[in-house]
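Undergrad: Got chain A; can you put chain B on it based on the hints?
For reference, the chains in residue letters:
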Amino acid sequence: MSQGVALQRPRSTPFNRGRLKRLLFRLRLISGLILIVYVAMHLTNLAIGLHSLHAMEEARHVLLFPWMSWPGTALLMSAALIHAILGLVTVSLRRSLTLSRTDWVQMCLGLITPPLLLNHVAVAGILHHIDPDFRPDYTFLLSVYWNMAPKSALQQVLVVVVVWIHGSIGLYNWLILKPVWRRIGAFVTPLLFFVPILGLLGFVRGGKEALARLAADGQWQDRMRQSLDMMTAAKPTLELVQSAILLIYGALALVACGVLIWRILERQRMRVTATYETGQTVSARPALSLLEISLLNNVPHANICSGRGRCGTCLVAVMSDASGLTAISETEAQTLKRIHATPGQRLACQARLIKGSVKISRLFPFHVDAAFMRDPHGPGETLSAEQRP
Amino acid sequence: MIRPLARSIGMIGLAAMTANCVMFANAALAQQAAPQSHSEGRLLIHALHSANYRLGQLGTALVNAPAEFATVWQNASQASASTDGIVTLTYWLIVMLIGCGLEWYYWTYAASSMRVIDETLIQSAAQAFRLALRRFVLLAAGLILFTVSISGSLTFFEWPAGYENAVFTSLLLILSLRVTWLLADTVLAPGRGRFRLIDVEPRCAALWVATVVAVGMLLAISTIVGPVLEQAQAPDAAEALHILTASLGAILVLAAVLRHQYVIATGDETEHRKPPKFPVELLLPLMIAAVFGLWLVAGSLASTLLASVFIVSIIQWHLRRVIFFFWSERDFTRSPGGVTLHEDVSAIASRLAPSVALSVARYGVCVVGIAAALLAVGVPISEVENSQNAVTRFVVHLFGVTGLALVTHVAWVAVRVPIDQRIRELGPSDTHGRPNPNARLMTLLPMLRMAAGVVFGLMLVLSALWTFGVDVTPLLAGAGVFGLALGFGAQALVRDIISGIFYLAEDVFRVGEYIESGNNTKGTVERITLRTVALRHQNGPLHFVPYGSLGSVRNNSRDWSIDKFNIPLPVYVDSETVRKIIKKVGESMMEDPEISKLMLEPLKAKLYRIDPGVKIFRCKFRSAPGNQFEIRTEAYRRIEQSLKDAGIPFAAGTQVLINEATGLPQLAAPQRTAIATQSAPSEPQAPPMQQPQAQLS
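Respectively, the protein sequence lines represent chains A and B.
Here this note's numbering is used: position 271 in the first sequence is 271, and no number is missing along the way.
Here this note's numbering is used: position 342 in the second sequence is 342, and no number is missing along the way.
Think of the hints as simulated: they come from the structure by calculation, not from any bench.
These figures come from a predicted structure and were not determined experimentally.
The beta carbon of each residue, even a glycine, is placed where N, CA and C say it ideally should be.
Treat each hint with caution, since some may be false.
To give a feel for the contact side, a few chain A residues facing chain B, derived at Cβ under 10 Å [unchecked claim]:
hint, residue
1, 101
2, 151
3, 160
4, 161
5, 164
6, 176
7, 200
8, 207
9, 211
10, 278
11, 365
12, 369
13, 370
Computed far set for chain A versus chain B, every beta-carbon distance over 12 Å [said to hold, decoys possible]:
hint, residue
14, 36
15, 38
16, 78
17, 80
18, 140
19, 241
20, 257
21, 260
22, 324
23, 355
In isolation and in its complexed conformation, chain A is listed as follows:
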């Protein structure tokens, strides 16, 4: 924990560090929510292209207007920046690769998003700041993508899916544990599918329409040429900006991955052991959370939120001396309180085993699901250590 967290301030009492971490996670969540709302609106706008290009343009003034204003742009840009940086920080903060499958997908997609997205952001967002006369609208952008720069179009199509899947995994994992999911789940789940599919279809439909217009309308061709000249003029600057951003991002990503690899490889020789209520004893390197120890050793251990400390399903009762475990952090304390845990119980995803050995008893069966944990009465039904066989 103390190593490799370059971005944390070294005011290091565990409490403050935990608080900082919590703040970072909260920030990442909020910025992610802002981003996914923006992407959803953007894709909805594209989906309107299924009706006509004109309708798309009209909708743009409604749907994307909030983001075009300067507070909107500032919010969006800062959210994107914060989310990207905090994403890398999260990667570097991992202690092991015991991710669930969806987490793997989310992490990889998140890592490749900035390079894929950069081109689009540059043309649609930054160029306008370089040359104030450049006012891209959908008809222009679609014509460019479908006629002049098909490679960028491929990239755009790909990035829509990448960003959307990344975002929906995050949104779903966050919402599924909220009591409100029971009311909104039935609406949100189909939306997660329809928004990108309709957006992509709208992109195709609008592209074809733009191509038709380009072929038919001579006046439009002239305007296109004019805009393209503008783009060509601005291209060197744009590319400079792009490559600078890419370079910085690449370096940061490399550092994050390097830190991650180093954290995985360090202290491989030292071992700590955990004994379960079944009598099974497993060992792992120190400073891993109890949940990570379980997952690394193929011990079934319930975890719905994949070790984010949200769900409480990894709850364990510590049956032996707990001095080898880390202290209870703020996140853990809150979740423990929410699920009415008794003293001596810990969240396996938050309690890390620093040294020695510990004997624990898993309190939730492996097959509990989110519905169980959402239930406000659920924690009352927690099996106590005595009730478990």
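TA: Same frame as chain A, but now just chain B:
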């Protein structure tokens, strides 16, 4: 007992398959070669030439491939960076979104079931098998949902012309990857040793899954992308792709094999391993090298045939272990790598289901191997049935015979395994020991087994002949007529056999019993055959008595036997005292563990007759048959001792003569007896008229 048979049948199947392969390879070679006949040497030279030619082709392909790849790549990127390309990618992504999304939605429900399976505590092999299947069904359902939704949404879109191929290719690759992965993961269960279906070393499971998936993927790429490249006017690139995938596959498999052997070797460091009689470890790398080498010089046809022969041989070699694994006792705890096989193969082999499964599996593997070889050769399976080609018809018939042999063998196993098991339960027959109460079964069961074997064999031969088109009706009719003639001629023989069956069925005698037959032969039954019974006379000679002339049988070894013998005592002894003394002797004999287990009723005595000067007591006991003689000896010994302790002499055997002249007895018998017991009789006595001795009754 099953083992050599089953293995030999497996080997026969293998041999048949090898023969098939060789035949087809020859046919294929002959097709390539000029139609006129070749001598052996010419053929060899021809093979060398073709190998040389092929190697040259491969070299050319490798040289030309980069340029062709570059062209193909350029064309592909041009094609994709176009309006149609964008449309295709968009639709493709939508299709994948639908497929993956539906599967993900399925898993939001199915994940809990999956976790239930993973956390279940397993008690038995059957339960582990069921759970593994349930796991597979859950996973497969997700995959099927993915496939169906993808296929459904594929048809929904109007794909740009010329791009369908790329879409289909990519989807096929994805599907083949997923299917291979699912199967390998289910069978080998890396990280979940409790669920594995094959007894592979748990530490190597992940390695093998990775190898299987990678090789499967390479194969898929080679077979799916290769033709696409050929369509794109890049034959050399396609050939280079084949070379690349084949070499990579060979290297991967080789690496996996070596790694596996390394893991196995380092696993049991504690035990000193005896070097094997044959360097088996070398065999697998050699096989891989041979297949790859053959592929290089002779192309995919020959190498596929060789590979299928090798694979079938390897599977046959391990099949017994694989099949019996389902019935083995295992450690189902979750300890990592601690899943050990309880090595009691003979116990498993003695059960019916594993043996049947093993034989079916052996055939199945052979048939699949042959089918794979046929597919590799490119024989159109659907046309084979109606083919006029003699060779093809022969092969079809061979399949039929193989099926028949399978059915026969299963029936045979089903008959013989219970019999063998029963025989094993009855224990080893000891012809000179006590007759086992189940000795009759010991004689009947082997006969039954042999009869079943003969019947099954005959049926198989006849049906095989019939399958090959040989008309067996005259044969059967001939056999019927011949049988009639033989029956008349061998009436006595038949009588012997029939009456033998009835003797055995009615349980008249069993091996180890002492019998006397109607024609005065007697002895212990040593052997029972189809026609005769062998009786060992107590003096040594062995009588072979045909059942027909056995007549009425007197069985001396059934249930119990009663032995009676007389003890003459002087007439003056008190009968009641003697009775009590002998009763006490009987009780003491019952207390002796050695004797009491042979005794059914204790020794008793009663006054039987009073003769002049002699009281005759009759002793009687009931014992297990065949032991009466030794018990009687022991009874004599004890009675003598007891009487001696009680001061009662045996009747002296002297006769009191009344002298008519004097009217006085010459000597009172008791005194004489008393004197006689104290000192040797001083005067010769007249031979006794009645010898007081125990009488056998």
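Undergrad: Going through the numbered hints above, which ones does this structure break? Give me the numbers in ascending order.
TA: none
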